[in-house]
Every structure is written in structure tokens, then in C-alpha cells.
Amino acid sequence: MTELSTSQYQRERRRHLAGRHRSEKRFKAYCIAAVTTAIAVLMLLLSSIIYTALPALTETTLRMELQLDEPAQGMFYTVEELENVNWRRVVSNALYETFPEVTARREKRELVAILSLGATDAALAKFKANAVRPGDVVSVDMPVSDDIDLVVKGVINRNLPESERIVSDRTISWLSVLEAENRIERRLALTLFTNGDSREPEMAGIKGALVGTLWTMLVTLAASLPIGIMAAIYLQELAPKNRFTDMIEVNISNLAAVPSIVFGLLGLAVFINFFHVPRSSPLVGGLVLALMTLPTIIIATRAALASVPPSIREAALGVGASPLQVITHHVLPLAAPGILTGTIIGLAQAAGETAPLLMVGMMAFIVDTPTDITSKATVLPAQIFMWANNPERAFLARTSAAILILLSFLLFMNGIAIYLRKKFERRW
Amino acid sequence: MLSPVTKIQAENVNVFYGTNQALYDVSVDIPQNQVTAFIGPSGCGKSTFLRCFNRMNDAIEGCHMNGRIAIDSEDIYSSAIDVVELRARIGMVFQKPNPFPKSIYDNVAYGPRIHGLTQNKSDLDALVETSLRRAGLWNEVKDRLLAIGSGLSGGQQQRLCIARAIAVNPDILLMDEPCSALDPIATAIIEELIDELRQRYTIIMVTHSMQQAARISQKTAYFHMGKLIEFGETGDVFTNPKNEQTEAYISGKIG
Numbered sequence: 001m002t003e004l005s006t007s008q009y010q011r012e013r014r015r016h017l018a019g020r021h022r023s024e025k026r027f028k029a030y031c032i033a034a035v036t037t038a039i040a041v042l043m044l045l046l047s048s049i050i051y052t053a054l055p056a057l058t059e060t061t062l063r064m065e066l067q068l069d070e071p072a073q074g075m076f077y078t079v080e081e082l083e084n085v086n087w088r089r090v091v092s093n094a095l096y097e098t099f100p101e102v103t104a105r106r107e108k109r110e111l112v113a114i115l116s117l118g119a120t121d122a123a124l125a126k127f128k129a130n131a132v133r134p135g136d137v138v139s140v141d142m143p144v145s146d147d148i149d150l151v152v153k154g155v156i157n158r159n160l161p162e163s164e165r166i167v168s169d170r171t172i173s174w175l176s177v178l179e180a181e182n183r184i185e186r187r188l189a190l191t192l193f194t195n196g197d198s199r200e201p202e203m204a205g206i207k208g209a210l211v212g213t214l215w216t217m218l219v220t221l222a223a224s225l226p227i228g229i230m231a232a233i234y235l236q237e238l239a240p241k242n243r244f245t246d247m248i249e250v251n252i253s254n255l256a257a258v259p260s261i262v263f264g265l266l267g268l269a270v271f272i273n274f275f276h277v278p279r280s281s282p283l284v285g286g287l288v289l290a291l292m293t294l295p296t297i298i299i300a301t302r303a304a305l306a307s308v309p310p311s312i313r314e315a316a317l318g319v320g321a322s323p324l325q326v327i328t329h330h331v332l333p334l335a336a337p338g339i340l341t342g343t344i345i346g347l348a349q350a351a352g353e354t355a356p357l358l359m360v361g362m363m364a365f366i367v368d369t370p371t372d373i374t375s376k377a378t379v380l381p382a383q384i385f386m387w388a389n390n391p392e393r394a395f396l397a398r399t400s401a402a403i404l405i406l407l408s409f410l411l412f413m414n415g416i417a418i419y420l421r422k423k424f425e426r427r428w
Numbered sequence: 001m002l003s004p005v006t007k008i009q010a011e012n013v014n015v016f017y018g019t020n021q022a023l024y025d026v027s028v029d030i031p032q033n034q035v036t037a038f039i040g041p042s043g044c045g046k047s048t049f050l051r052c053f054n055r056m057n058d059a060i061e062g063c064h065m066n067g068r069i070a071i072d073s074e075d076i077y078s079s080a081i082d083v084v085e086l087r088a089r090i091g092m093v094f095q096k097p098n099p100f101p102k103s104i105y106d107n108v109a110y111g112p113r114i115h116g117l118t119q120n121k122s123d124l125d126a127l128v129e130t131s132l133r134r135a136g137l138w139n140e141v142k143d144r145l146l147a148i149g150s151g152l153s154g155g156q157q158q159r160l161c162i163a164r165a166i167a168v169n170p171d172i173l174l175m176d177e178p179c180s181a182l183d184p185i186a187t188a189i190i191e192e193l194i195d196e197l198r199q200r201y202t203i204i205m206v207t208h209s210m211q212q213a214a215r216i217s218q219k220t221a222y223f224h225m226g227k228l229i230e231f232g233e234t235g236d237v238f239t240n241p242k243n244e245q246t247e248a249y250i251s252g253k254i255g
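Heads up: the sequence lines are chains A and B, in that order. Going left to right, the first sequence walks through residues 1 to 428 as this note's numbering numbers them. Going left to right, the second sequence walks through residues 1 to 255 as this note's numbering numbers them.
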């Protein structure tokens with residue numbers, strides 16, 4: 001082998017170095033490409049959901065002048081009298097008067113179908129809110145049915161041949177008349193947030209599911225946090241090291257990987273069939289989700305406890321703190337940010353869970369908003385799943401809107417986790 | 001010269017980590033109000049022995065000991081002894097400064113608070129001030145008692161730890177290489193402090209620095225491989241060691 005001179009060595013080294021720099025740049029480019037792809041896919045997904053959800057944010061109303069001819073006891077109708085009125089007939093008559101040429105029974109039914117089933121509620125509410133005498137004319141904005149709503153929003157194209165859309169030419173011509181009379185308006189769809197579930201998409205809202213989710217999360221938090229933290233403290237700080245505690249440790253780690261539907265089956269067998277916890281209630285759902293969240297909390301808490309430096313424990317023991325004081329005065333406060341983060345992430349995971357709730361009856365059509373943890377309830381992801389299964393086209397937008405609400409709920413929870421971690425983070 | 005009172009008496013102490021024996025038949029008498037230095041190469045068991053005096057080894061999994069250690073003629077391993085109370089009588093300062101991530105005030109006040117040593121806030125304030133003064137830190141921190149303790153320099157942190165230890169009014173101070181993480185200036189300050197502290201406390205110090213042992217201790221114990229090789233007046237051990245292993249270590253031939 002020939003001996004190289006110093007300058008030759010230097011040249012070799014430089015040649016080699018150039019190659020190293022090149023591969024470094026290449027590697028960096030791959031990484032950037034990966035991140036960009038991920039962001040692009042995410043943006044695509046999000047924008048498609050937002051685009052689909054947009055129609056659900058507004059609702060179309062039809063303004064009609066309504067008049068009651070029933071006699072009243074006093075000068076004005078009382079609430080009771082108004083509630084006894086056959087509103088369906090009042091509303092239908094108003095439509096028939098607007099289109100006197102419609103006489104055939106089938107056509108009349110089609111005409112009435114322009115309005116939502118919820119139109120009568122809107123009329124009653126408007127009459128209740130005002131003092132009305134017999135014969136007074138009250139103009140009421142009433143929601144239209146979901147198909148008409150989609151025609152107005154342009155989701156259903158009215159220029160298509162009749163055979164390719166679900167709304168007939170006849171209906172479209174009536175709609176055009178009503179539009180020409182400036183009776184059709186669009187307004188912000190607050191019903192999405194103020195209503196419970198409904199078979200009619202234009203009346204379906206997520207209030208019930210949202211409140212159900214909150215109750216369920218409350219139960220999950222109350223059940224899993226104390227048990228999780230206590231179990232983690234015992235395993236990490238107090239338990240003797242032996243085969244039994246080793247086995248518990250391994251099993252907790254395995255529990256985190258158990259498919260969530262198994263927890264649902266367990267909940268069905270134990271909570272409902274054995275303990276007779278009410279089916280479909282936030283209580284049983286929350287307990288099932290607590291089972292699912294426990295391993296996450298225990299693992300996060302143990303990691304947080306383990307990351308507290310031993311020197312702090314020794315210092316506390318050294319001045320005569322009892323083992324309990326070492327934990328409560330020093331270890332827990334220092335581990336708190338980690339515990340909080342783990343808990344909130346566990347809860348966020350649980351809030352997005354559908355499968356285990358299927359087994360305990362929370363995947364149910366429930367119109368009323370739950371008032372406590374034992375009333376019938378459903379949760380956001382279950383609501384999304386059920387809406388997605390509905391055949392009415394208008395549910396598509398509602399589903400996407402509900403997804404957005406669930407996403408913002410989760411984003412909010414994760415935001416809290418980050419905020420708390422930053423706030424309580426301490427250095428030593 | 002009056003022979004000093006024996007504060008701690010250790011007889012035939014054996015310590016095991018699991019099946020590993022770390023100390024073999026160690027017997028020493030630690031005199032009151034003096035500084036006793038434990039020297040020896042790494043892994044010789046001197047820190048293990050130090051931690052026997054306040055039973056810090058209890059917390060270590062698989063560690064057990066036999067033999068007898070008595071403080072003021074009272075066996076500290078007897079079942080009548082409460083470890084928490086024992087540790088209140090024996091302060092400890094560790095190798096690396098380890099203040100709590102709390103304010104300087106709370107660091108010092110923590111011990112008195114958990115032991116209920118003071119009745120009211122002004123007593124506690126006074127105790128914190130005295131402790132910080134004795135640790136020679138008062139003048140440096142009196143204006144920022146509520147600042148976080150870990151914001152101090154390494155030497156200040158170590159003096160804060162000493163203040164924290166003496167705030168619970170112990171009789172004995174155990175120091176496990178208290179200067180090994182400090183620069184020479186901070187070391188000099190601490191050494192001076194230790195010399196003052198021995199008026200009030202019986203001090204046992206583990207050190208790697210033979211010069212330090214020679215400078216500040218009255219008694220020196222030399223450990224090797226878990227055995228106490230030599231124990232005596234510091235002057236004798238350094239100038240006229242009886243054992244040739246000690247001589248080799250002190251003169252820098254081994255260790």
C-alpha cells in the first residue's frame with residue numbers, strides 16, 4: 001500500500017465530506033417531504049369535512065301569514081288554547097290558500113311536504129311569544145323540509161331533468177313562486193346546537209349527544225382518575241418487588257392494548273347484567289370508558305412519578321419526611337403535569353370511542369337531552385355514526401358538522417392538556 | 001486532653017445488597033462535636049456505612065444489615081426506634097446539591113413545618129434566618145427568600161441544603177461528599193463552614209479528597225473493599241499510618 005501525503009489525505013477527506021453533506025441534505029429532504037405529505041393529507045381531509053358541513057350551518061325558512069279563527073275565552077289566546085290548536089291544519093291551509101290551483105289530494109300532500117314537520121312547532125312558538133287575538137294575522141318563519149333546503153342551497157341542482165333529482169318539477173315551480181314573493185330566507189341554523197336528535201335532518205341537533213358526552217366524561221374522570229393515580233402510586237412507590245406485582249404490571253400494559261369492544265362486552269356483562277346499572281346511561285358508558293382509560297392513566301402516572309429525580313426523595317427522607325409526606329409533598333406535585341397530561345389524553349381518547357358504547361346501549365336514537373348520569377343518552381361519536389347511516393341526503397352535512405364539533409371538542413381538551421403542562425412544569 | 005464523648009457506636013456492622021456483602025465487620029466509635037472523615041477508593045463502602053446512621057439504606061430494595069449501631073447508647077435499629085424521628089435527629093447533606101424545587105424559604109422551612117417545631121410564622125421566620133446564618137448563606141439570600149432554591153449557584157445550593165438539614169435541629173450531620181460537585185472557592189467556603197458547625201453538631205463526612213480530610217477532620221477512617229482498615233486521629237492516620245494499605249492510598253500509590 002502506498003503512503004498518501006498529507007495533501008492527498010486532505011483531498012480524500014474533502015471528497016468524502018461532500019458525499020456526507022449530500023446524503024445529509026437528501027435525508028432532510030425526505031423528512032420534509034414526509035411532513036408535507038402528512039400535513040397535506042390532513043388539510044385535504046379537514047377541508048373536505050368543512051366543505052361538506054357548510055350547508056348544515058344555515059337553514060332555509062318559509063314565511064307564511066297564519067291566522068287563527070278559533071274563539072278565545074279572553075281577549076287573547078291562552079297558552080293552553082294555543083297548544084290545543086291543530087297547527088298542521090292551520091299551516092296546511094295557509095299553503096293551500098297561497099296556491100288555490102292545487103286541488104288534487106296527492107298534489108296537496110306534496111305541497112304541504114315543502115314545510116318541515118317542525119314547522120308547526122315554529123308557528124306555536126311564535127304565537128306563544130306574542131299576544132294574539134282571534135283573527136290576527138301573524139307572519140311566521142317556518143323551517144322547510146330537508147330536500148327543499150338542499151334545493152335552495154344548490155346542493156340539489158334544480159336544472160337537472162326531473163328523473164335525476166328527488167324533488168319534482170311541480171314542487172320546484174311552487175318553490176320558485178315562493179322565492180319570487182320573498183318568502184324564502186336562509187338563517188343561521190341554531191337548531192344544530194339547540195335540538196336533540198330527530199328523524200328529520202332539518203330538525204336534528206347534537207345538543208343531546210354533546211350533553212351526553214359531557215356527563216359520560218364526568219363519570220369517566222371521576223371513576224378513573226382516583227383509581228388510576230392510587231394504583232400508579234402503589235405500584236411505583238409502595239409495592240414490594242415480587243412476582244405478583246410484576247404480573248400486575250405486565251397485565252396493566254397489556255390492558256392498554258385490549259380492543260375497546262372487549263371493554264364494552266365486559267361492561268354489558270358486569271355493570272348492566274350483574275350490577276343492574278341502567279342501560280344507555282352516561283353512568284354505564286362512563287364506567288366502561290373508565291376501564292378503558294385506566295391503563296393510560298396508570299402508565300402515564302407511573303412514568304411521571306418515575307421521572308421525579310431520586311435526589312428529591314432522598315432530600316425529603318433526609319429531613320425526616322415520612323414516606324407518605326415524600327409522596328404528597330414532593331413527588332406528586334412534581335409529577336402533576338405529567339399525570340394531568342396523561343389523564344386528559346386518556347379522556348380525549350375515550351371521548352372519541354364508539355365501539356365499547358355499542359355494547360351498553362349508548363348507540364341509540366334518543367331525542368331528549370340527558371339531565372343526569374342515569375338518564376338515557378348517546379354520545380358524539382355514536383351520534384355521528386348513526387347520522388352517517390341515515391339515508392336522507394341532508395344528514396351528510398349534519399354528520400360532517402358533528403364531526404367538526406367532536407374534533408373541536410378533542411382539540412379543546414388537548415389544548416387544556418398542553419396549557420396545564422406548560423403552567424405547572426417545574427425544573428429542578 | 002480530655003477524651004471526647006462517644007456519640008455514635010458501631011459494632012460489627014455487616015451490610016448486604018442482596019447477596020453482595022458491602023461492609024465487613026465494621027466497628028467505630030464516633031466522637032461528639034468532632035468531624036470524622038471517611039476516606040477510601042470508590043466502592044469501598046464508606047457511603048454505605050454513612051447511610052447506615054440515618055437508616056437511608058432501608059429505602060433501598062434488597063439491602064439489609066446486621067450488627068449494632070447506637071447513638072447516645074440507643075440502638076437505632078431496634079424496633080422501638082421511629083425512623084422518621086431518627087432522621088429528624090440526623091441531618092444529611094448529599095453529594096449533589098438537591099434543593100426542593102421550591103423557594104429558598106420553603107426549602108429551609110420544610111423540615112420544621114413537618115415536625116411542628118414552631119408555633120407561629122415569626123418563630124418560623126426566625127428559625128429560617130438562624131439556619132441560613134449558620135449555613136453562611138443569609139447575607140447572600142436575605143433579599144430573595146422567595147426565589148426558587150434551584151436558581152442559586154452550586155455552592156449556594158449546597159449551603160442551602162446544609163441550612164435545610166440544620167433547621168430541624170439535629171445532633172448529627174452526615175455529609176456524603178458535599179464538595180465533590182463544587183469548584184475550589186465554594187469548597188473552601190463549605191469547609192470553613194463545617195469547621196464552625198462542629199461546635200454544635202457531630203459531623204461525619206465522606207470525602208474523596210484526602211487534603212480535605214486532612215484539613216478539616218479530627219478523626220479519619222480509611223475503608224478498603226468494605227473493610228475498615230484504619231481509624232484514628234487524623235494527624236496520626238496521615239503522618240504515621242499503621243497499616244501499609246492506608247499508607248499506599250494516602251501517598252497516592254493506589255486508589
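Incorrect hints may appear among the rest.
[What the hints assert, rightly or not] Okay, derived cross-link-like pairs now, DSS-like style, lysine-lysine, Cα gap no bigger than 30 angstroms in a straight line:
(1) A:K423 with B:K121
(2) B:K96 with A:K241
(3) A:K422 with B:K227
(4) A:K128 with A:K207
(5) A:K422 with B:K102
(6) A:K128 with A:K108
(7) A:K423 with B:K227
No lab work stands behind these hints, which were simulated from the structure alone. In this text, all values refer to a predicted model and were calculated from it rather than measured experimentally.
Problem set entry | Distance restraint between K128 (chain A) and K108 (chain A), which requires alpha-carbon spacing of 30 angstroms or less | holds (28 angstroms)
Exercise. Taking only the CA atoms, is the gap from K96 (chain B) to K241 (chain A) under or equal to 30 angstroms?
Worked result: Holds: K96 (chain B) and K241 (chain A) sit about 28 angstroms apart, inside 30 angstroms.
Exercise. Between K423 (chain A) and K121 (chain B), does the CA-CA distance stay at or below 30 angstroms?
Worked result: At roughly 29 angstroms apart (the allowed maximum being 30 angstroms), K121 (chain B) and K423 (chain A) satisfy the hint.
Exercise. Hey, K423 (chain A) versus K227 (chain B), does the alpha-carbon distance stay inside 30 angstroms?
Worked result: Since the Cα atoms of K423 (chain A) and K227 (chain B) sit roughly 51 angstroms apart, the hinted pair is violated (cutoff 30 angstroms).
Problem set entry | Given hint K227 (chain B) paired with K422 (chain A) - CA-CA distance at most 30 angstroms | Violated. K422 (chain A) to K227 (chain B) sits at ~50 angstroms, over the 30 angstroms cutoff.
For this session: Take the C-alpha atoms of K128 (chain A) and K207 (chain A), compute the straight-line distance between them, and say whether it is at most 30 angstroms.
Result: Distance ~23 angstroms between K128 (chain A) and K207 (chain A) Cα, so the pair holds.
Problem set entry | Given hint K102 (chain B) paired with K422 (chain A) - CA-CA distance at most 30 angstroms | Holds: K422 (chain A) and K102 (chain B) sit about 17 angstroms apart, inside 30 angstroms.
Checked against the numbered hints listed earlier, the structure breaks hints 3, 7; every other hint is satisfied.
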